[in-house]
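Chemist: Below are the chains, spelled out letter by letter.
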Amino acid sequence: MNLLRRHILKSAGAAGALAITTGLLGAGNAFAAYNTAAFSAKNIADALKGLGAESATESSDIIVKAPDIAENGSVVPVEVTSKIANTTNISILAEKNPNPLIASFNLSNGTEGFIATRIKMAKTANVRAVVTAGGKIYTAVKEVKVTIGGCGG
Amino acid sequence: MPEPMKMRATMAGDIADIKVLMNHPMETGLRKDAKTGQMIPAHFINEVTAKINDVVVLQADWSSAISKNPYLNFKVKGPKAGDKVNVSWKDNLGATNSVDGVIS
Numbered sequence: 042m043n044l045l046r047r048h049i050l051k052s053a054g055a056a057g058a059l060a061i062t063t064g065l066l067g068a069g070n071a072f073a074a075y076n077t078a079a080f081s082a083k084n085i086a087d088a089l090k091g092l093g094a095e096s097a098t099e100s101s102d103i104i105v106k107a108p109d110i111a112e113n114g115s116v117v118p119v120e121v122t123s124k125i126a127n128t129t130n131i132s133i134l135a136e137k138n139p140n141p142l143i144a145s146f147n148l149s150n151g152t153e154g155f156i157a158t159r160i161k162m163a164k165t166a167n168v169r170a171v172v173t174a175g176g177k178i179y180t181a182v183k184e185v186k187v188t189i190g191g192c193g194g
Numbered sequence: 071m072p073e074p075m076k077m078r079a080t081m082a083g084d085i086a087d088i089k090v091l092m093n094h095p096m097e098t099g100l101r102k103d104a105k106t107g108q109m110i111p112a113h114f115i116n117e118v119t120a121k122i123n124d125v126v127v128l129q130a131d132w133s134s135a136i137s138k139n140p141y142l143n144f145k146v147k148g149p150k151a152g153d154k155v156n157v158s159w160k161d162n163l164g165a166t167n168s169v170d171g172v173i174s
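These protein sequences, in sequence, are chains A and B. Number 184 in the numbering used here belongs to position 143 of the first sequence; there are no gaps in the numbering. Number 79 in the numbering used here belongs to position 9 of the second sequence; there are no gaps in the numbering.
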């Protein structure tokens, strides 16, 4: 693990330095702003660590809407609503996927704490939402039972 | 050349509800080709950016675990009907696509 690189990524993210990000992307480094550590993590603990969310507070103000039973794991509709003020990031994880972190959404300039999308799930697991709001990190889960997995095989 | 994207942006009260459909295989790199037995290489959208009147409202990093032909819905407070919306993506092989629309 390259600590310096991680530090640079963190500080760039903290400053919201979009200009820097764009500059790096322009230089052909597609993963400059991508949280590679978190996205390549193979288990939920490492993924949460990559997001800096190991000690996130469980919050009932985050609603993770997903089916109780998903027949097809390759298309699982998930909706995350955060009622916490100043929600700036919503990340979605499936705890038992080969790479648990699925997506990280940075919200700015009036975007509500709401994201709906469709995800792939390897097997029955908790879908976890990690929300950053006002510099603090919150989390909530919803279990989805998967009949047929959607990650290869 | 990636297939065109679809977008619908409507006002509901003071909130713009934006729905986007993208065409992309979203290959995980974990699947085998049934005929050849070879692994199908990973090919997925890893970055999505949405702008309203050229101001970034959403920037997302994705893994390959977003479903094939991704659907994305988000809500933005503040814009008015007639404001311009642009959503663009970039995949891990460097391909890009974008869609322009107007909030109605």
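None of these hints come from the bench; they were simulated from the model. You may find that some hints are simply not true.
[Claimed, not checked] Calculated lysine-lysine pairs in the DSS-like style (CA-CA distance at most 30 Å, straight line):
| no. | chain 1 | residue 1 | chain 2 | residue 2 |
| --- | --- | --- | --- | --- |
| 1 | B | Lys89 | A | Lys106 |
| 2 | A | Lys106 | A | Lys137 |
| 3 | B | Lys89 | A | Lys177 |
Chemist: The structure should be examined with respect to each hint, and the outcome stated for every one.
Modeler: Outcome of the hint check:
| no. | hint | result |
| --- | --- | --- |
| 1 | B:Lys89 - A:Lys106 | holds (17 Å) |
| 2 | A:Lys106 - A:Lys137 | holds (18 Å) |
| 3 | B:Lys89 - A:Lys177 | holds (28 Å) |
Taken one by one, the earlier hints all hold for this structure without exception.
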